[in-house]
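Take the given structure of chain A and dock chain B to it, following the hints.
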Amino acid sequence: MRLLLPPRVTEKSFHKALDAFASVVGKQWVLATDEDRETFMDFYAAGDADQHVPSAAVGPQSVEEVRAIVRIANEYKVPLWPVSRGKNLGYGAAAPCLTGTVVLDLGRMNKILDVNERFGYCLIEPGVGFFDLFDYLQANKIRLWMSVPANAWGSVAGNALERGYGYTPYGENTRNICGLEVVLPNGDLIRTGTGAMANSASWQLFKYGYGPSWDQLFVQSNFGVVTKMGLWLMPEPEATLGLNIQLPDPDDVGWAIDELAPLRMRGVIEQSPSIGNSLRFVATRSQRSEWYTGDGALPDDVLMEILKKNNLGWWTINLRLYGYDEVNQVHARIIKEAFARHTKQEMEVVKWHRGDPIENSGAGIPSTQVLQIINWRGGRGGHIGFSPVLPATSEHVLKQFRSTKKRYEEIGVDYYGSFTLFERYTTNVNMMVYDRDDKAMTSQVRALFKVLIADAAKQGYSEYRTHLSYMDDVALTFDFNNHALLRLNETLKDTLDPNGILAPGKQGIWPRALRTERA
Amino acid sequence: MSSEAEFHRPGRVRRLALLVVAVTYFGISGALVRAAENAAERILEGKKLFEGRCGFCHLPGGTGTIMLAGRLGKNRSLLAERTDLTAAYIRKVTRVGINGMPPHNRIELPDSELDLIVSYLTRPTSARTAEKAGSTGGAP
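Protein sequences, first through last, are from chains A and B.
Per this note's numbering, the very first residue in the first sequence carries number 1; after that it's consecutive.
Per this note's numbering, the very first residue in the second sequence carries number 1; after that it's consecutive.
Read the hints as simulated data drawn from the structure, not as lab findings.
Incorrect hints may have been included.
Said to hold, decoys possible - Pair by pair, the computed Cβ-Cβ distance ranges are:
{"no.": "1", "chain 1": "A", "residue 1": "Val451", "chain 2": "B", "residue 2": "Arg128", "range": "48 to 56 angstroms"}
{"no.": "2", "chain 1": "A", "residue 1": "Glu290", "chain 2": "B", "residue 2": "Ala35", "range": "46 to 54 angstroms"}
{"no.": "3", "chain 1": "A", "residue 1": "Ser62", "chain 2": "B", "residue 2": "Glu37", "range": "28 to 36 angstroms"}
{"no.": "4", "chain 1": "A", "residue 1": "Asn360", "chain 2": "B", "residue 2": "Pro60", "range": "15 to 23 angstroms"}
{"no.": "5", "chain 1": "B", "residue 1": "Thr83", "chain 2": "A", "residue 2": "Glu290", "range": "27 to 35 angstroms"}
{"no.": "6", "chain 1": "B", "residue 1": "Thr125", "chain 2": "A", "residue 2": "Gly296", "range": "50 to 58 angstroms"}
{"no.": "7", "chain 1": "A", "residue 1": "Phe281", "chain 2": "B", "residue 2": "Asn99", "range": "50 to 58 angstroms"}
{"no.": "8", "chain 1": "B", "residue 1": "Leu59", "chain 2": "A", "residue 2": "Ser62", "range": "30 to 38 angstroms"}
{"no.": "9", "chain 1": "A", "residue 1": "Glu359", "chain 2": "B", "residue 2": "Leu72", "range": "22 to 30 angstroms"}
{"no.": "10", "chain 1": "A", "residue 1": "Asp50", "chain 2": "B", "residue 2": "Arg71", "range": "24 to 32 angstroms"}
{"no.": "11", "chain 1": "A", "residue 1": "Gln287", "chain 2": "B", "residue 2": "Pro60", "range": "19 to 27 angstroms"}
{"no.": "12", "chain 1": "A", "residue 1": "Asn482", "chain 2": "B", "residue 2": "Leu59", "range": "52 to 60 angstroms"}
{"no.": "13", "chain 1": "A", "residue 1": "Asn482", "chain 2": "B", "residue 2": "Leu72", "range": "52 to 60 angstroms"}
{"no.": "14", "chain 1": "A", "residue 1": "Val330", "chain 2": "B", "residue 2": "Gly73", "range": "48 to 56 angstroms"}
Said to hold, decoys possible - Each computed DSS-like pair below joins lysine-lysine, with the alpha-carbon atoms no more than 25 angstroms apart:
{"no.": "15", "chain 1": "B", "residue 1": "Lys47", "chain 2": "B", "residue 2": "Lys92"}
{"no.": "16", "chain 1": "B", "residue 1": "Lys74", "chain 2": "B", "residue 2": "Lys47"}
{"no.": "17", "chain 1": "A", "residue 1": "Lys336", "chain 2": "A", "residue 2": "Lys351"}
{"no.": "18", "chain 1": "B", "residue 1": "Lys92", "chain 2": "A", "residue 2": "Lys27"}
{"no.": "19", "chain 1": "A", "residue 1": "Lys450", "chain 2": "A", "residue 2": "Lys406"}
{"no.": "20", "chain 1": "A", "residue 1": "Lys77", "chain 2": "A", "residue 2": "Lys16"}
{"no.": "21", "chain 1": "B", "residue 1": "Lys74", "chain 2": "B", "residue 2": "Lys92"}
{"no.": "22", "chain 1": "A", "residue 1": "Lys77", "chain 2": "A", "residue 2": "Lys12"}
{"no.": "23", "chain 1": "B", "residue 1": "Lys74", "chain 2": "A", "residue 2": "Lys309"}
{"no.": "24", "chain 1": "A", "residue 1": "Lys111", "chain 2": "B", "residue 2": "Lys47"}
{"no.": "25", "chain 1": "A", "residue 1": "Lys458", "chain 2": "A", "residue 2": "Lys399"}
{"no.": "26", "chain 1": "B", "residue 1": "Lys47", "chain 2": "B", "residue 2": "Lys132"}
{"no.": "27", "chain 1": "A", "residue 1": "Lys458", "chain 2": "A", "residue 2": "Lys405"}
{"no.": "28", "chain 1": "B", "residue 1": "Lys48", "chain 2": "A", "residue 2": "Lys141"}
{"no.": "29", "chain 1": "A", "residue 1": "Lys111", "chain 2": "B", "residue 2": "Lys48"}
For each residue, glycine too, the CB sits at the ideal point set by N, CA and C.
Pulled out of the complex, with its shape left as it was, chain A reads as follows:
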């Protein structure tokens, strides 16, 4: 990809900035060839990769180098897009929101600085991946479990900063953040929580500190570059007990949510079970063309035939109990009784005890196997997800499910959805899988995405996270008092980052000088 400059920056000034970056990190770690730019673009993009083109990338190895880069960026007004490992697949990967932005790739800062088994936490740099931390815990026989997202190629810290989630009782990754070290847009360095004391004895233990608590202000934001993260890890339980069930009818998701939600809120179920339509299993194991070659969305009768052949229900629920065996047994009985009120089907039980092989434990074990779904449509695949948050009731879930499926059918995309149940809400991930070289298909996907944002907003549903191309659209759905929250975010942005150099446009937050770039 040829060089596209950021707004406000001349080519001469841009190259001066790159030279200055190189004087900090070494020439090897400033990447600015046409091929380099390609490697930081959104590989899975649904036909809109050219909207988010990086101009270069710079890879620091230390906090001091990050601070120096940020100062240089201010001097030349060159915007930076910080990424931990750049594997935010389906959301834009390493690509920046604003074309011409330089990717600040923190992947070389990959030290596991501390793991404390007694108190269950780690202190890590942003480049530490899920596989790295898992290997470290295993190699050192540390009895702490991670919360791992479905695709675990990325960064542990990066995922928590994007509010990614896993499926253990510690599944809300952002909730486990306890103490950050952050380079501010002016190059200053802070530590949040009690880390603000130079000799803090509880940086990774007490989240709030004294006065305003800042951790969450650096989550899904462009107010700073996180260079260290404290993250709570789950003590290995004595046992786990998995319960799996297939539900045959699309409407079964309603009663399932109504039965599970109170149990989730009361702590009978401590993790976040996912109720997913079974196409997710079919799509990892086969291609659509093996079942159906017609245009438009996969017809219901074809789907039913596929599910029948694979002995799958319309929905699959996998939930798991963690803790003492006796307690798990009691909780399992309560859950089974709840399901027995609606179905005669038995739940499959999977038991694990400490010392058994970890594979069947329900621990967070990193894998990338979910990426196989992108093969579903053939060609060079890609995926994107629309994920609104709804109250965990059948009324909301059924309405949203039916209306979303109808939209998929109208526009001609195969429906692929799931509901992950948290304590009081459910996140409805609607996946769109496409052949990224098929222009008609990717334009359908983009149209569907826009319609789903508008539909959800009418119901009062917000997205929990979104792709680069929709950050402004989603931000604008937060419209109370004429977008007062956006005004606050941008007031803060202008105060902390007057030159507007950090991640312009992230989550719809634009610095004053670049607000004309808002989509």
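Just chain B now, with coordinates in the frame of chain A:
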């Protein structure tokens, strides 16, 4: 003295010649041995890097292996067992991506490390045979 000197001269010359031959022989041989050891080390380093950086997708059971089995057949699904991959092809695919596999940039995988991985994936038959012998406890 002179006769003694004369007597000894041819011998010294012979010894010197032998020394030169020996140095030359063992020097070249040493360089070859070192080169071979170096190549073996590079392959070993490349293997470690391949397993660490690529293994979660490209070892048995990995996503890449499964996807390649679907596309090219099981016998071409494990990259480490393939003999049809050229250095240029590996470099290109790694940098620009292919099908579902995203590209790998030069920060996460510098050229020097990619070169080692290439050394491993394109290692000669002798190295593959030695690996098999080692892994099965076969003949030395």
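Quick rundown of the hints versus the structure:
Restraint check, A:Val451 to B:Arg128: a C-beta distance of roughly 54 angstroms satisfies the suggested window 48 to 56 angstroms. At about 50 angstroms, the beta-carbon gap between A:Glu290 and B:Ala35 stays in the expected band of 46 to 54 angstroms. A:Ser62 and B:Glu37 have their C-beta atoms about 35 angstroms apart, which keeps the hinted 28 to 36 angstroms range intact. Between A:Asn360 and B:Pro60 the beta carbons are some 19 angstroms apart, a value that agrees with the proposed interval 15 to 23 angstroms.
The beta-carbon spacing between B:Thr83 and A:Glu290, approximately 30 angstroms, falls within the hinted interval of 27 to 35 angstroms. Between B:Thr125 and A:Gly296 the beta carbon distance is about 51 angstroms. The supplied range of 50 to 58 angstroms therefore holds. Checked against the hint of 50 to 58 angstroms, the C-beta distance between A:Phe281 and B:Asn99 comes to roughly 21 angstroms, which is inconsistent with it. Taking 30 to 38 angstroms as the suggested C-beta distance range, the pair B:Leu59 and A:Ser62 conforms, at roughly 32 angstroms.
A:Glu359 and B:Leu72 have their C-beta atoms about 27 angstroms apart, which keeps the hinted 22 to 30 angstroms range intact. Between A:Asp50 and B:Arg71 the beta carbon distance is about 28 angstroms. The supplied range of 24 to 32 angstroms therefore holds. The beta-carbon spacing between A:Gln287 and B:Pro60, approximately 22 angstroms, falls within the hinted interval of 19 to 27 angstroms. Our hint of 52 to 60 angstroms for A:Asn482 and B:Leu59 holds, since their Cβ atoms are close to 55 angstroms apart.
Under the hint 52 to 60 angstroms, the C-beta atoms of A:Asn482 and B:Leu72, about 57 angstroms apart, fit the expected range. A hinted range of 48 to 56 angstroms for the beta carbons of A:Val330 and B:Gly73 is consistent with their spacing of about 50 angstroms. For the suggested pair B:Lys47 and B:Lys92, the alpha carbons sit about 19 angstroms apart, so the restraint of at most 25 angstroms is met. Distance check on the hinted pair: B:Lys74 and B:Lys47 sit about 21 angstroms apart at the alpha-carbon level, within 25 angstroms; holds.
For the given pair, A:Lys336 sits about 15 angstroms from A:Lys351 by alpha-carbon distance, which is consistent with the 25 angstroms threshold. Our distance criterion of 25 angstroms between C-alpha atoms is met by B:Lys92 and A:Lys27, whose separation comes to about 22 angstroms. A distance of roughly 15 angstroms separates the Cα atoms of A:Lys450 and A:Lys406; the hinted pair therefore holds under the 25 angstroms criterion. A hinted pair counts as satisfied when its Cα atoms are at most 25 angstroms apart, and A:Lys77 with A:Lys16 qualifies at roughly 11 angstroms.
The hinted pair formed by B:Lys74 and B:Lys92 meets the criterion: a straight-line CA distance of about 23 angstroms does not exceed 25 angstroms. Simply put, A:Lys77 and A:Lys12 have alpha-carbon atoms about 13 angstroms apart, close enough for the 25 angstroms limit, and the pair holds. Simply put, B:Lys74 and A:Lys309 have alpha-carbon atoms about 24 angstroms apart, close enough for the 25 angstroms limit, and the pair holds. A hinted pair counts as satisfied when its Cα atoms are at most 25 angstroms apart, and A:Lys111 with B:Lys47 qualifies at roughly 22 angstroms.
Of the supplied pair hints, the one linking A:Lys458 and A:Lys399 holds, its CA atoms being roughly 12 angstroms apart against a limit of 25 angstroms. A hinted pair counts as satisfied when its Cα atoms are at most 25 angstroms apart, and B:Lys47 with B:Lys132 qualifies at roughly 14 angstroms. As the CA atoms of A:Lys458 and A:Lys405 are separated by approximately 17 angstroms, the hinted pair is consistent with the 25 angstroms bound. In summary, the hint linking B:Lys48 to A:Lys141 is supported, as the alpha carbons are separated by about 22 angstroms, within the 25 angstroms threshold.
For the suggested pair A:Lys111 and B:Lys48, the alpha carbons sit about 19 angstroms apart, so the restraint of at most 25 angstroms is met.
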